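Asker: Listed below, chain by chain, are the residues.
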Amino acid sequence: MSILLAVISMSVLALLLGIGLGYAAKRFAVPVDPRIEEAIGAMPGANCGGCGFPGCGGLVKAVARGETKPNVCAPGGSAVAKRLSEIFGLEASGGAPKVAQVRCRVGADPDWEKFEYDHELGCGTAMLLAGGVGTCDFGCVGMLDCVKACPFGALSKSPDSKRPPVVDVSRCTGCGICVETCPNRVIALVDLNRQPVVYCRSILKGKLAKGCCIVACIACGKCERNCPEKAVSMQNNLPVIDLAKCTRCGKCIEGCPTKVILMFRDDLKTPAPAGTAPSVPAAS
Amino acid sequence: MSEIMLVFLGAIFVNNFVLSRFLGICPFIGVSKKIRDALGMGAAVLFVMILATISTWLLQEFVLKPLEIEFLQTIMFILVIAALVQFVEIMLIKFLPALYEALGIYLPLITTNCAILGITLLNLKEDYNLLTSVVHAVGAAVGFTLALVLMAGIRERLDLADIPPAFNGAPIAFITAGLMAIAFLGFAGMM
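So the protein sequences, as listed, match chains A and B. Number 64 in the working numbering belongs to position 53 of the first sequence; there are no gaps in the numbering. Number 164 in the working numbering belongs to position 162 of the second sequence; there are no gaps in the numbering.
Just so you know, these hints were derived from the structure itself, not from any lab. On a predicted model such as this, the values are computed, not experimentally measured, just so you know. Treat the hints with caution; some may be incorrect.
A few chain B residues that face chain A, going by a derived Cβ cut-off under 8 angstroms, partial list only [unchecked claim]:
id, residue
1, PHE64
2, VAL65
3, ILE80
4, LEU81
5, GLN88
6, ILE92
Simulated DEER-style distance windows between Cβ atoms [to be verified]:
id, chain 1, residue 1, chain 2, residue 2, range
7, B, GLU158, A, ASN204, 41 to 49 angstroms
8, A, ILE47, B, ALA104, 18 to 26 angstroms
9, B, THR114, A, ARG46, 27 to 35 angstroms
Even glycine gets a Cβ: it sits at the ideal position worked out from N, Cα and C.
With the rest of the complex left out, here is chain A (with noise of 0.2 angstroms):
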């Protein structure tokens, strides 16, 4: 009798709880904008916060409330952009998908240190003794605190021990966390097309700039003189490429003296020229 009623009685009690959460959800349903559901599967999933939302979900609710634009997300780059502005009937606004480059030529190199430091502490500890170990302040301090970070695996040591860590192209979503990661910022995001980088950080000049690094920018200027567009300009004693004006011509890095301007993936074509095709986002 006793396992009879406590059979009936769970399975009344189920019933009846089931019918009032099924009505309940039905008769107080709030209705969701069925694009922010479709946007979310859109988009990589990384939730890396790149984009300074909270997750792959902000993002989505931010577009949709046109608080920002939908090319903000670097893991997903044009794809996910284009995609975003299909579903939220935005203009489209692809632009080159970004990588990240380590804008210096030497990495922790024995031969060019202050004093002897433990290498396993990393760059950010190093920085904060005295500027850090190698005679350069402005540069890689090599001791990979961007590798650790990498979520992607895109960054790795160097195979020559002296150079800084190598980005791999492929790999690299261009979420920026490694940009944030280095204590000096010498890692930039820079567009992945055919483009002259300037890869050196230190503001010294002349003898100073020699006297820290073998490979250093020394603010001779011949780059900004050599520049049939005018698209260099020397600024903080470096030079600064003006890529809407830049048409890859080479002279820049032809003249320089000291091999700090290089093409940056040779291999990759020239984009249009500025006016013709904008890879400026169009404004919406």
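Chain A is already provided as a structure; the job is to place chain B on it using the hints.
Answerer: Chain B alone, transformed into the frame defined by chain A:
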């Protein structure tokens, strides 16, 4: 009146759910990294404990006792609490979205936590009436929140402390929890 007060304070300090009864240990370790999160969890626990206490007390009094099937307590309580919290969640999204956002993920997370089931079963074991049961639940939730916030405060400092690698992370948290439990044992003499 004094009995109710005693139940309330006893639930907070002497029989602290986390540190004396060892109920709700998983949120105690899991959601005690930041004080903010700990407070959110505490609020959700308070909310669910009161709801669970009222519903299960009524269920016990008007269904289980008359039918003489008290042995179904555990399974029925879980069922009722889970359904009730689900129902409340639906209502919150509809009518109080702000509160829903504030409680966030914690609300469904603690639905079937042992602390929640524990409070309902303890109320019946102690033969409390409805009012005393609710006061006991509030006290238990406050005690739970107190333990969580204390733990979170300590762990926020532990993050900055120089801890031997072998103890870093969970081990030092467990040791801390143990020391806190010993400290709360001091309240046992007050009753």
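Asker: Does each hint hold? Answer for all of them.
Answerer: Going through the hints against the structure:
no.: 1; hint: PHE64; result: 12 angstroms, violated
no.: 2; hint: VAL65; result: 7 angstroms, holds
no.: 3; hint: ILE80; result: 11 angstroms, violated
no.: 4; hint: LEU81; result: 6 angstroms, holds
no.: 5; hint: GLN88; result: 6 angstroms, holds
no.: 6; hint: ILE92; result: 5 angstroms, holds
no.: 7; hint: GLU158/B - ASN204/A: 41 to 49 angstroms; result: 45 angstroms, holds
no.: 8; hint: ILE47/A - ALA104/B: 18 to 26 angstroms; result: 21 angstroms, holds
no.: 9; hint: THR114/B - ARG46/A: 27 to 35 angstroms; result: 34 angstroms, holds
Violated hints, listed in ascending order, are 1, 3; each of the other numbered hints is respected by the structure.
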